[in-house]
Amino acid sequence: MFKYFPHTDSDIEAMKKSLNINSIDELFEDVPKGVFFSRQYQVPEMMSETEIRTYFENLAKENKELVCFAGLGTYDHYSPAVIPFLTSRQEFLTAYTPYQPEVAQGTLQYIFEFQSMIQALTGMDISNASMYDGATATAEACFMAEAITRRKKILISKTVNPYTTDVIRTYAHYKGLEIEFVPEKDGTSDWESLHELVNSDVACLVVQKPNFYGVIESFETAASIIHSAGALLIENADISTLGILKTPRDDGADIACGDCQSLGIPMAFGGPSLGYMATLKVYVRRMPGRICGLSFDVDGKRAFVLTLQAREQHIRREKANSNICSNQSLMALYVTIYLSLMGPLGLARVNELSYEGAHYLAEKLVKTGKFKLAFDKPFLKEFVLETMINVSLIQEALLKNGFLGGLPLREFGEEYENLIAFAVTEKRTKAEIDRLVKVLEGLS
Amino acid sequence: MINYYDAVIFEKSVKDRCGYSLPKDFAPKYSLETMDSQYKRETPPLLPEVSEIDVVRHFSNISQKNFGVETGFYPLGSCTMKYNPKINDEIAAMKAFNNIHPLQPASTVQGILKIHDELQKILSEISGLKEFSLNPFAGAHGELAGLMIMKKYHEDRGDFLRRKVIVPDSAHGTNPASTAVCGMDVIEIKSNAIGRVDLAALKAVLSDEIAGMMLTNPNTLGMFEKDICEISKLVHDHGGLMYYDGANLNAILGKVRPGDMGFDIMHINLHKTFSTPHGGGGPGSGPVGVSEELVHLLPNPRVKKIEDYYYVQSDAKAIGRISSHFGNFLIWLRAYCYVLTLGREQLGKVGELATLNSNYIREALKEDYMSPLTGYSMHECVFDGLVDQTTGVRTLDVAKRLLDYGMHAPTIYFPLLFHQSIMIEPTETESKQTLDKFIAIMKKIAQEAKTNPEMLKSAPHDTYVRRIDEVFAAKKMILTYADYLKYLNE
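Residue numbers (this note's numbering), protein chains in the order written: chain A, 1 to 444; chain B, 1 to 490.
Derived by calculation from the structure, the hints in this document are not laboratory data. Keep in mind that a hint or two might mislead.
What the hints assert, rightly or not - Okay, derived cross-link-like pairs now, DSSO-like style, lysine-lysine, Cα gap no bigger than 27 Å in a straight line:
| # | chain 1 | residue 1 | chain 2 | residue 2 |
| --- | --- | --- | --- | --- |
| 1 | B | Lys-349 | A | Lys-16 |
| 2 | A | Lys-152 | B | Lys-152 |
| 3 | A | Lys-400 | B | Lys-305 |
| 4 | B | Lys-349 | A | Lys-3 |
| 5 | B | Lys-95 | A | Lys-430 |
| 6 | A | Lys-430 | A | Lys-370 |
| 7 | B | Lys-226 | A | Lys-16 |
| 8 | A | Lys-301 | B | Lys-486 |
| 9 | B | Lys-114 | A | Lys-64 |
| 10 | A | Lys-3 | B | Lys-432 |
| 11 | B | Lys-40 | A | Lys-377 |
| 12 | A | Lys-364 | B | Lys-476 |
| 13 | B | Lys-121 | A | Lys-33 |
| 14 | B | Lys-40 | A | Lys-158 |
| 15 | B | Lys-40 | A | Lys-281 |
| 16 | A | Lys-64 | B | Lys-304 |
| 17 | B | Lys-190 | B | Lys-164 |
| 18 | B | Lys-121 | A | Lys-64 |
| 19 | B | Lys-349 | B | Lys-366 |
| 20 | B | Lys-226 | A | Lys-17 |
| 21 | B | Lys-226 | A | Lys-301 |
| 22 | B | Lys-95 | A | Lys-367 |
| 23 | B | Lys-349 | A | Lys-17 |
Model the full structure from these sequences, guided by the hints.
Now the structure itself:
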């Protein structure tokens with residue numbers, strides 16, 4: 001007897017009898033004798049539910065929950081209490097891909113709502129049903145640009161998050177695409193040098209907003225250079241900030257993509273999150289991933305259904321330009337619920353509070369005389385400081401006092417020595433910020 | 001007319017209503033007014049303005065239009081829709097696993113890194129391989145990582161000729177797609193009549209241009225590749241690597257290990273075999289595992305254990321980074337919880353009970369549904385439509401009619417080897433009583449096909465919506481609420 005296996009001995013006997021076998025192993029007669037596995041797996045012994053709880057409570061104690069001033073792609077934004085209650089409803093949680101739309105209208109409807117919200121935030125025409133995460137969404141956007149332009153070179157600004165760049169690099173290497181970098185100057189992309197990099201081999205340029213340093217860049221120049229070369233502009237944007245910032249559409253982007261973790265999804269050591277991808281309607285057939293569309297059933301009732309599936313891997317097989325065959329559906333539900341609760345005003349407010357907190361912290365730290373802003377550029381919730389204090393000392397002192405971040409940037413390369421990145425969300429209080437400043441004030 | 005509860009959330013919006021509560025300002029001097037307007041959007045985004053109760057009711061209502069594993073029997077072939085245990089969700093909801101930033105120093109996440117290390121060891125033992133990376137986000141992502149490993153293995157040896165990957169025509173669509181995305185060429189080989197690899201066809205394509213072969217075993221017809229050892233040997237003798245598509249791993253749990261069958265690389269779909277919820281299509285988790293000589297190629301970042309301390313490391317020899325961090329942590333956490341609940345005592349029974357259930361269904365339905373296969377099925381069984389082909393009732397109609405009876409449809413029209421495929425995967429978590437009920441309904445539908453075929457062709461009748469006009473959806477492309485408003489004004 002075991003709780004996940006409902007078979008009783010007499011059930012098994014009856015089933016064996018109907019199959020005319022003496023032992024279940026007879027069903028495995030096709031497994032070659034030489035490789036038949038006849039011992040137990042060397043894995044831990046089974047645990048009761050109480051033992052499981054104790055075991056994981058102990059493991060949980062080996063992780064430290066810290067007051068988070070860290071960002072670089074993952075943000076400690078507030079997540080409303082409503083979300084886990086709704087997302088853990090079994091009808092959402094345990095269903096599979098909506099292949100039978102008559103019994104999957106719940107999933108399909110929230111995907112349609114999700115696509116609508118991503119469309120609204122990015123200003124693009126259409127969105128898909130979501131991607132794995134922001135980095136892979138950006139890599140897939142590059143493949144999409146390759147398919148549209150039939151060109152093989154990808155330009156990436158040096159101000160794009162290095163993790164995103166690394167993922168693009170990996171994807172591009174194996175697909176046989178070439179990468180070149182647009183250098184940075186004072187925390188922003190150096191568009192002067194873009195002229196020299198652009199030629200008729202270039203499929204796309206990847207930029208980020210706010211960029212890796214938290215700086216809000218302008219992309220008009222880049223868009224005009226890249227478009228006149230017949231290439232596409234791919235903008236990776238923190239979707240939460242699009243509640244107030246200029247849309248990728250207004251920036252001239254052809255594809256907008258990025259991560260949605262900042263919309264109510266717990267940090268959870270980096271996953272699960274989800275990526276988004278939005279583009280212009282003319283490119284819809286080149287967009288990877290699932291798309292949900294509105295239609296009507298035979299009785300004329302409004303209904304939703306997966307559509308344009310002829311683009312997908314299960315039809316195109318080796319001709320496919322993407323192998324993605326799922327979305328991060330449940331995470332898209334998180335986002336849809338979050339944005340429903342927040343609305344346009346709540347999302348603006350989240351940005352305003354983060355903006356206020358970040359500027360308050362930056363000013364306080366600069367006032368200590370031990371830090372200065374690395375770049376004199378506009379930022380929203382994230383910024384980089386330069387310091388002469390040993391960054392290891394800083395990190396040690398912060399951890400000792402229960403803080404995560406600022407994060408030292410030196411792990412990303414020598415050029416980042418002495419730089420430290422802070423992110424402030426609406427969750428951070430004045431008391432927390434003041435305490436952080438006090439800890440750093442005492443260092444020398 | 002749209003019923004209020006059927007409305008999309010935008011249709012419930014009322015200006016100046018809100019569903020949030022946020023803190024007061026403490027630094028109003030930095031209000032957004034101080035940001036240069038050239039950076040700001042001109043108009044607010046079209047998002048709904050609704051109160052909390054509106055949101056809760058809306059999503060509760062639409063959830064009821066969904067069918068989940070807890071609603072009823074969900075025999076979707078190739079998807080392993082087993083029961084998703086609650087304790088896994090309880091553990092995954094713990095604050096100490098959720099409030100953790102991915103860039104925290106290793107010293108503050110020893111618990112999580114330990115889970116990673118322990119789980120990858122367990123997956124290695126189950127697979128007969130050396131080490132796993134838990135970074136891939138899904139099965140297809142694991143495939144891609146695995147193929148990158150295959151490609152790099154050859155390139156690192158200075159062999160740039162090996163660019164072809166053998167994929168049987170019965171394979172999941174992701175296999176050829178992943179190969180193409182990885183910059184290699186697919187060589188499709190024909191299967192024999194029961195979907196097994198045709199050894200002659202395989203031998204005919206082997207050459208020094210072969211990077212490797214991808215195989216699902218049992219194959220997509222639910223049949224075990226009994227020549228697997230010979231297949232592996234042939235591919236290895238020609239310098240290729242063997243890739244195991246773990247989509248059907250549930251069948252063989254406790255019975256045979258991919259590594260022992262000669263596979264060098266594989267992925268596991270934790271959302272199938274290891275019971276993590278499918279979430280309406282994700283998030284899943286698709287760890288990729290390799291044999292000893294390929295370990296250094298696993299994707300970055302990796303967890304290394306030295307004495308009793310866990311480190312986060314990146315290896316310059318690896319294929320590179322395929323994800324920003326360690327993949328879908330809360331999913332592989334659930335899988336770990338599942339393995340510990342089953343333990344060595346129960347884990348080995350999964351394959352045999354899943355296989356028993358599938359054969360029980362196949363035996364009971366073979367009078368009414370075409371079963372051209374000989375020998376036993378593994379964890380899933382595939383029929384080729386109704387035995388009685390005179391009624392005009394197709395597989396699609398059978399599937400839709402099942403919905404009326406409160407059961408989810410099996411996978412249909414896959415695998416492509418049959419024209420009317422019905423692919424049934426019951427999993428080990430279903431009781432004989434549930435299977436008997438399913439069998440009775442399937443037999444009843446076979447009868448209905450004879451007595452009332454028209455009723456089947458217009459099924460389902462009792463679901464929330466009925467058959468949907470897919471042509472309209474593809475033609476009109478109403479993909480957002482903004483599109484819909486435009487459509488209404490046409």
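Comparing the hints with the structure gives:
{"no.": "1", "hint": "B:Lys-349 x A:Lys-16", "verdict": "holds, 15 Å"}
{"no.": "2", "hint": "A:Lys-152 x B:Lys-152", "verdict": "holds, 20 Å"}
{"no.": "3", "hint": "A:Lys-400 x B:Lys-305", "verdict": "holds, 24 Å"}
{"no.": "4", "hint": "B:Lys-349 x A:Lys-3", "verdict": "holds, 13 Å"}
{"no.": "5", "hint": "B:Lys-95 x A:Lys-430", "verdict": "holds, 23 Å"}
{"no.": "6", "hint": "A:Lys-430 x A:Lys-370", "verdict": "holds, 20 Å"}
{"no.": "7", "hint": "B:Lys-226 x A:Lys-16", "verdict": "holds, 22 Å"}
{"no.": "8", "hint": "A:Lys-301 x B:Lys-486", "verdict": "holds, 19 Å"}
{"no.": "9", "hint": "B:Lys-114 x A:Lys-64", "verdict": "holds, 14 Å"}
{"no.": "10", "hint": "A:Lys-3 x B:Lys-432", "verdict": "holds, 15 Å"}
{"no.": "11", "hint": "B:Lys-40 x A:Lys-377", "verdict": "holds, 15 Å"}
{"no.": "12", "hint": "A:Lys-364 x B:Lys-476", "verdict": "violated, 55 Å"}
{"no.": "13", "hint": "B:Lys-121 x A:Lys-33", "verdict": "holds, 26 Å"}
{"no.": "14", "hint": "B:Lys-40 x A:Lys-158", "verdict": "holds, 23 Å"}
{"no.": "15", "hint": "B:Lys-40 x A:Lys-281", "verdict": "holds, 24 Å"}
{"no.": "16", "hint": "A:Lys-64 x B:Lys-304", "verdict": "holds, 19 Å"}
{"no.": "17", "hint": "B:Lys-190 x B:Lys-164", "verdict": "holds, 16 Å"}
{"no.": "18", "hint": "B:Lys-121 x A:Lys-64", "verdict": "holds, 24 Å"}
{"no.": "19", "hint": "B:Lys-349 x B:Lys-366", "verdict": "holds, 26 Å"}
{"no.": "20", "hint": "B:Lys-226 x A:Lys-17", "verdict": "holds, 25 Å"}
{"no.": "21", "hint": "B:Lys-226 x A:Lys-301", "verdict": "violated, 50 Å"}
{"no.": "22", "hint": "B:Lys-95 x A:Lys-367", "verdict": "violated, 35 Å"}
{"no.": "23", "hint": "B:Lys-349 x A:Lys-17", "verdict": "holds, 19 Å"}
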